Amino acid sequence: MARVRYIEALSRALRDEMTADPKVVVFGEDVRQSLRRVTFNLATEFGEHRVIDTPLAEQAATGFVTGAALMGWRPVLEFQVPSLLYVAFDQVVNQAQKLSIMTGGQARVPVTYVFPGSGARLGLAGQHSDHPYAMLAQAGLKTVVPATPADAYALLRTAIRDDDPVAVFAPAALLGNREDLGDEVTPVPLGSGRIHRPGADVTLVAIGHLVPVALAVADDLAMAGVSVEVFDPRSIYPFDWDLLRASLAKTGRLVVADDTNKTCGMAAEIIATVAEGMRLRSAPRRVTRADVAVPFAPVLERAVLPDKEAIISAIRDVVGEAAAA
Amino acid sequence: MNAQQGTAGTGADPSALYRTVRTIRRFEETVEELTAANEIPGTVHLYIGEEAVAAGVCAALERDDLVTSTHRGHGHVIAKGAALGPMLAELMGRTNGLNRGRGGSMHVADLSLGVLGANGIVAGGIPFALGATWAAAQDGQTRVAATFFGDGGLAQGLLHECMNWAALWRLPVIFVCEDNGYAVSLPASASAAGSPVERARSYGIAAQEVDGMDAEQVYAAARSAADRARAGGGPSYLHMKTYRFRGHHLGEAVLKLAYRTSDEISRWQQRDPVAILAERIEPGQRAGIDADVEAAVKAAIEHARGGPLPDPLTATDYAYASGLRPRKGT
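Respectively, the protein sequence lines represent chains A and Y.
Mapping of the first sequence onto the numbering used here: position 288 corresponds to residue 312, and the numbering continues sequentially without gaps.
Mapping of the second sequence onto the numbering used here: position 196 corresponds to residue 762, and the numbering continues sequentially without gaps.
I should point out that these hints are in silico values taken from the structure, not numbers from a laboratory.
What you are looking at is a predicted structure, and each value in this text was computed from that prediction instead of being measured.
There could be a bad hint or two in this list.
[What the hints assert, rightly or not] So, partial list: chain Y residues that the calculated Cβ filter (under 8 Å) puts toward chain A: (1) Asn662; (2) Ala698; (3) Trp700; (4) Thr708; (5) Trp731; (6) Ser751; (7) Gly817; (8) Leu821; (9) Leu823.
Just so you know, even glycine gets a beta-carbon here, dropped at the ideal spot from N, CA and C.
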């Protein structure tokens, strides 16, 4: 199979699920024309009754797919801009997510929310640059941030098949990345992390588009004699704490790279959980966004986002003597 | 006596409507007592005074039709046919409740009857009605949804989104505004500008104002809305003029809110929806229904009190349909 781009992997996963299950249907804004390319050509292949443009009414659309899910359908809802989640927040975290427990298990809401192009993209400014996965995790919503085309393919299929609402964040910086998916992609369950590169001195947890950055950091630091283990949780909620524990048992040191705000971000949760129940040899560090809306000018945007240099600096702090060796 | 009291599918029969309004009234009076006695935790939003709306609308629905409800939802759920015992058990937080004690008054639901839940957020359940009726149509069924909201809901943007969308797609949805005069303490005149009926018509939605104290008039309006929906004529808007005889919730008496006068309450009580129907049926029949209702409510209390309280170890059960266990807080 040819090398496919991340966005094509999402599209292929959607196509394969729509083929496998006639109850899978996709809603969103401009999904028939496929402005975001996740639904590319699907309206032609499956018909407009399964690829459905909604009015620009994100609250209603989010509640609409909940209603369809309650009737046994498996809707996929694309948010053209990830920050539109905020417009629909009640319908996601206060309705869809809570219906199972509030109804004592009567309701199941197998909805998948897809956020293509999540995160900053140089110049989209304050309201189009957020990467809001951590707040969904805090609400207990199943949330994944795949870092590779193969994981994007596998996790979108897992999300669609799941009986609960699942949010799939596709980081903007990864959409053009290519990978050979092979003939068969191994399914990936929710809550399953991945060690992209084993190492001995420090565990670097990286989420989404920070995974390739972390791999570059590991390459650089290997030359300086620091062995970095790159841990990709893939699934933010549920989280693969067991795999992280095993990694830290080996390295004893932790840096978390997380492109959400520092306050109550995913890095905060990871470090808090580690501090409570795992052993570290040195104080952990996190590399996150500043607690601020992304400012417009590209030089300012870069200044508030986590980057390679900040991660290297954090690792040097954490590794201390080992780095100097 | 069948514990199912709902009117769904009973049509215009005044005795069936009377049975439902009487059942809701006696259920709500019982809830009031049990809340005061601390047998029902939290608070409740009583439907007393508004019973004709739920009874009349649900009488025009079929069993497979759908309902989305509000924070003041007991009447809708009962009228759609929920069994009183599991309903009351839910309000009391028992495992034999409709929602196994996980929902309570504001989230009581019976999906087997097409009741997609009461809802603690004003207008929050309305879009479910759109998606559910759309989904049923894709499955080759016409299932009509009645989506209830109050005059306070008229100020919510989500209602506008949903009326617009339902009209665009001609979805079989009946928008039922229960205008009881107040959004908590805010007069309806301060919630909605212009005429809500004219507003609905501007979307191309058939709309009318209805005497919401008279279940037969409610039924007639809902019947024509349901017929229109089933015939592919799209959504309707019914503006029910009604009144709640109690406070917004039971805590209101303690707060001594003074947004309406006792004269006003008395005036509306002259048009009690239970009394209006009672006068239209033969006294002997009425006495029989009253006795049935008393027995059903008594049985419901026994059923609810007999249900076990949930085991605290099960507090996170049902959080996920997939069975995922959430992390504990400690």
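Okay, the hints, checked on the actual structure:
At a threshold of 8 Å, the smallest CB-CB gap from Asn662(Y) to chain A is about 11 Å, leaving the interface hint violated. Satisfaction of the interface hint for Ala698(Y) is found here, the shortest Cβ-Cβ separation to chain A being roughly 4 Å, below the 8 Å cut-off. Given the 8 Å rule on beta carbons, the hint for Trp700(Y) holds: about 6 Å separates it from the nearest Cβ of chain A. The beta carbon of Thr708(Y) is not positioned within 8 Å of any beta carbon in chain A (closest approach about 13 Å), and the interface hint is therefore violated.
For Trp731(Y), the interface hint holds, since its Cβ comes within 8 Å of a Cβ in chain A; the closest pair sits about 6 Å apart. The closest approach between the C-beta of Ser751(Y) and any C-beta of chain A is roughly 23 Å, which is over the 8 Å cut-off, so the hint fails. Hint on Gly817(Y) is violated. Least Cβ distance to chain A is approximately 21 Å, over the 8 Å limit. Interface hint status for Leu821(Y): violated, as the beta-carbon distance to the closest one in chain A is roughly 25 Å, over 8 Å.
The interface hint given for Leu823(Y) is broken, as the beta carbon of that residue sits about 26 Å from the closest beta carbon of chain A, more than 8 Å.
Hint compliance for this structure: hints 1, 4, 6, 7, 8, 9 are not met, and every other hint is.
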